[in-house]
Structure formats: C-alpha cells, structure tokens
Amino acid sequence: MSNVTVRIPTPLRSMTGGADEVTVSGATVKDALDALGAKHEGVLSKVLDAKGGVRSFVNVYLGSRNIKALGGLGAELKDGDVLAIVPAVAGGK
Amino acid sequence: MTENPRYSRQALYAGIGKPGQARLAKSRAAIVGLGALGAAAADTLARAGVGTLRIIDRDILELTNLQRQILYSEQDIKDGLPKAKAAHKRLSLVNSEIEIESVVSDVTAVNIDDLLDDDFDIIVDGTDNFETRLLINDVAMKKKIPWVYCGVIGASIHSFPILPGETPCFRCYIGEAPPPGSVDTCDTAGVLGPAVLVAVGLACVDVLKILAGKTEALVHGLQMVDLWAGRHRRFGLKKDSQCPACLGQYDYLDGKGRSAEARLCGRNAVQIHPGEKATIDLKALAERLSPLGVVEPNPFLLRFRPADWPEGELTIFPDGRSIIKGTNDLSRARSVLARFLGS
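If you're matching them up, the sequences are chains A and B in order. In this text, residue positions in the first sequence follow this note's numbering: the first is 12, and each later residue adds one. In this text, residue positions in the second sequence follow this note's numbering: the first is 12, and each later residue adds one.
Bear in mind the hints are in silico, worked out from the structure with no lab data behind them. Owing to the predicted nature of the structure, the values given are computational and were not obtained by experimental measurement. Yeah, the Cβ is synthetic: ideal placement off N, Cα and C, and Gly gets one too. Treat the hints loosely; a few may be bogus.
As the list claims (entries may be wrong) - Pairwise CB distance ranges (calculated):
{"#": "1", "chain 1": "A", "residue 1": "Ala38", "chain 2": "B", "residue 2": "Glu85", "range": "54 to 64 Å"}
{"#": "2", "chain 1": "A", "residue 1": "Ser75", "chain 2": "B", "residue 2": "Glu227", "range": "16 to 26 Å"}
{"#": "3", "chain 1": "B", "residue 1": "Asp292", "chain 2": "A", "residue 2": "Asp31", "range": "48 to 58 Å"}
{"#": "4", "chain 1": "A", "residue 1": "Lys50", "chain 2": "B", "residue 2": "Asp90", "range": "35 to 45 Å"}
{"#": "5", "chain 1": "A", "residue 1": "Val93", "chain 2": "B", "residue 2": "His231", "range": "48 to 58 Å"}
{"#": "6", "chain 1": "A", "residue 1": "Gly28", "chain 2": "B", "residue 2": "Asp340", "range": "35 to 45 Å"}
{"#": "7", "chain 1": "B", "residue 1": "Arg278", "chain 2": "A", "residue 2": "Gly28", "range": "38 to 48 Å"}
{"#": "8", "chain 1": "A", "residue 1": "Lys62", "chain 2": "B", "residue 2": "Lys89", "range": "47 to 57 Å"}
{"#": "9", "chain 1": "A", "residue 1": "Lys62", "chain 2": "B", "residue 2": "Glu85", "range": "32 to 42 Å"}
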C-alpha cells in the first residue's frame, strides 16, 4: 500500500467538503480511487462509468502521465505519488 | 517586401521575426464561436495581423456577456446585434488592413464543410460545448487543418494544439461527447474574465506559432491552469489507437450526436432550425407580424414580442433559424413558431 495524494477538480470539490486534495492509500490507481470513493460519497460515479472504466471525458494522470499510457486503472502506485482527476472543460462562452 | 510598422514589436520578437510576420499576413484563420474565448481570440489575432479572419457565431448579444466578452459594448446590445456582426464592426476599427468575414450561423454537421473550407490555415476554438468541438475536430482531421482547443470554466483553463496526423486529436482526448447536463458550463458554474484572457493567451500563442511556421516551438500536451489557485500544469496526451477520427471515420461530421433541429439554448430559450435550407424575407415578415406584437427588425435579424405572450420573445434569422425565449419546452417553442411563421 502506498500513500498518495489525489487532486480533486473544482466541479467535484462539493463532494469532498471543498478539499482540493485528498490523501488515500492503495497499491494501484483503482485502489486509490476506491479509497477516495469510500471517503467521499458520490465522487467515484463522476470518475468511473457503470462498467468501472474511467469515463471518456475524464482523464486521470499519475504525475504528468495519463494512466492510459501506464496500463490504466491497474497502474501501480508508490509512496508520494500524485493522482490528478481531470474532467475535460467545455465552457467558453 | 515593405514592413508594416504596425507589427514592429511583434516582428521584433525572435520567435516570430519578419518572416513569421509575413506568414501571418498571408494566413487564413477561422474562429468558431465568438463568446468569451472567441471574442478575445479574434481581437488578439486581428491585432497580430492574421491576414483573413472568418468569425462565426449564432448568438445575439446579452447584458450578461459584457463581463468577459471583450469585443462588445452596451450599444451593441441596444442595437440588437448578433455577436458576429458586432465583432466585425469592432475588429474593423481595430485593424482595417485585414480581411474579416463574419457569419451569423450555428455550426452544424450540415454546414461546417462549407464554413471551414480547405483553404484555412487554422481553426480556433471559441465554442462552449463538446459536440461542436468534436465536429470541428472531424473537419480539421479530414482536411488536415491544425486547430487549437481551449476551454474555460470558473477559473480553470484547459488548452492544447492539434496537428492532424501528428498529435493526439480531440477525440483521442475525450472519446465521446458527455451526455447533456453531465458537465459544468459557464451558465451553470460561472466564469471569470481574467481566466478567459489567460485561456486565450495560451491558445493564441499556439495559433501564432502554427501560423508563423514555428510548429517546432509548440509544447505539446494539455495545459491546465487553475488561475484562482495560481497553479499551472502540463499533462501528456496519448493517441488512441482506436480513435475513429484518427482512423478516418468522421462520426460527428456524418451527423452523430444530438439533433441540431431543436434544442435548449442557454436558460429558458430554445433554438429551432428549419429542416432544410431556407431564406426568410425579414421585411415582409416584419409587416406581417407588426399587428400581433412588438417587432424590432435590424439588417441581420428580426425580434418579435407577441402581444399575447408578454414574457416570450422570438428572434428570427434570414436563414430560417429561430431562438424562442421564454420557454424550456421544445414542443411549446415549436408551436409558437408555427403560429407566427406558419412553419
């Protein structure tokens, strides 16, 4: 198990009591997201779809690399890693 | 070649230089959407001396636009101008030496091929939704036109350049358009003027690099700024080996996605498209409607407030498109339109 920081995007902060970072532990990205979901209800469904995959318009980064390039949700974590949840931004008007 | 002193400070910058400036002058750029991002991008690129700007937007100005949409004035709202025409007027005052082509139109799968022809050197994102961006992405991939994605919400900014065939494309990034209502918009979460300016700064420096022929200077990947928190990050993007657009399958251009025929358009308003291409004689329509309420025509559109529906307002464009304000109900909007336009 590794202790990692998950960066929470603005639209999801209403579900984390306003926190922009949450510390969780887990061996993989999936573990860390599950732990985040256990701490803060409702967050997980905004990140994962019904089949348990990352939603298409959301990207999850481990450091500066997309987890898609690191084996997806199974990517392994080490202590001090930073995960960022990044939903695509639509606005412009 | 004679140098234009107007651009001397920009040409002095080594990244652009005189040859880069000369390339800008010969470039054609399309800006799709003239809200917060599009207006500031148009201003920036007009001042920078991009030779031809085609500016496209479907909306009419409202008071809530002025906080961040830097091309527009209170007078434009009083005049009932569409954004594309108000922008054209302002940009002509800013730089009379460039060509400006303004188009009042919704960009859809039906017309995007004509609006963004092969001769454009770049497409700049000034839109406010994923579906139009996926449509732009399809057309850009098909015609091999570089484009720059840019989005802003609250104080959060995202931007990255797309070079068709070289970099990951927008569809690689988001896959499918999220279901309506599943992401925040500027109407639901608000947006800060300074965030718009930073977003446009990030996007337009990429536009200048591409048009000046300095694509090697592009720094690829998603740039993300949280302006309120003072944070700037860059994330890698990955090509999706299954991406339809990269494989030459242009789903959004082929009409995938929500029907453009009738849809909610902002708060308490519905936009309706004619089923086929139409031309409406605004003058004749104004005469027909004047006994039935207040008619305010201008050269670009007609506004009508029915006497028997005081909270309602219809805006009708010469291409047959209409915006019905005062309802969120698609069928109600259709029936109002049928009553007054007989269509």
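(message) Of all the hints numbered above, which does this structure not satisfy? Sort the numbers upward.
(response) 4, 5, 7, 9
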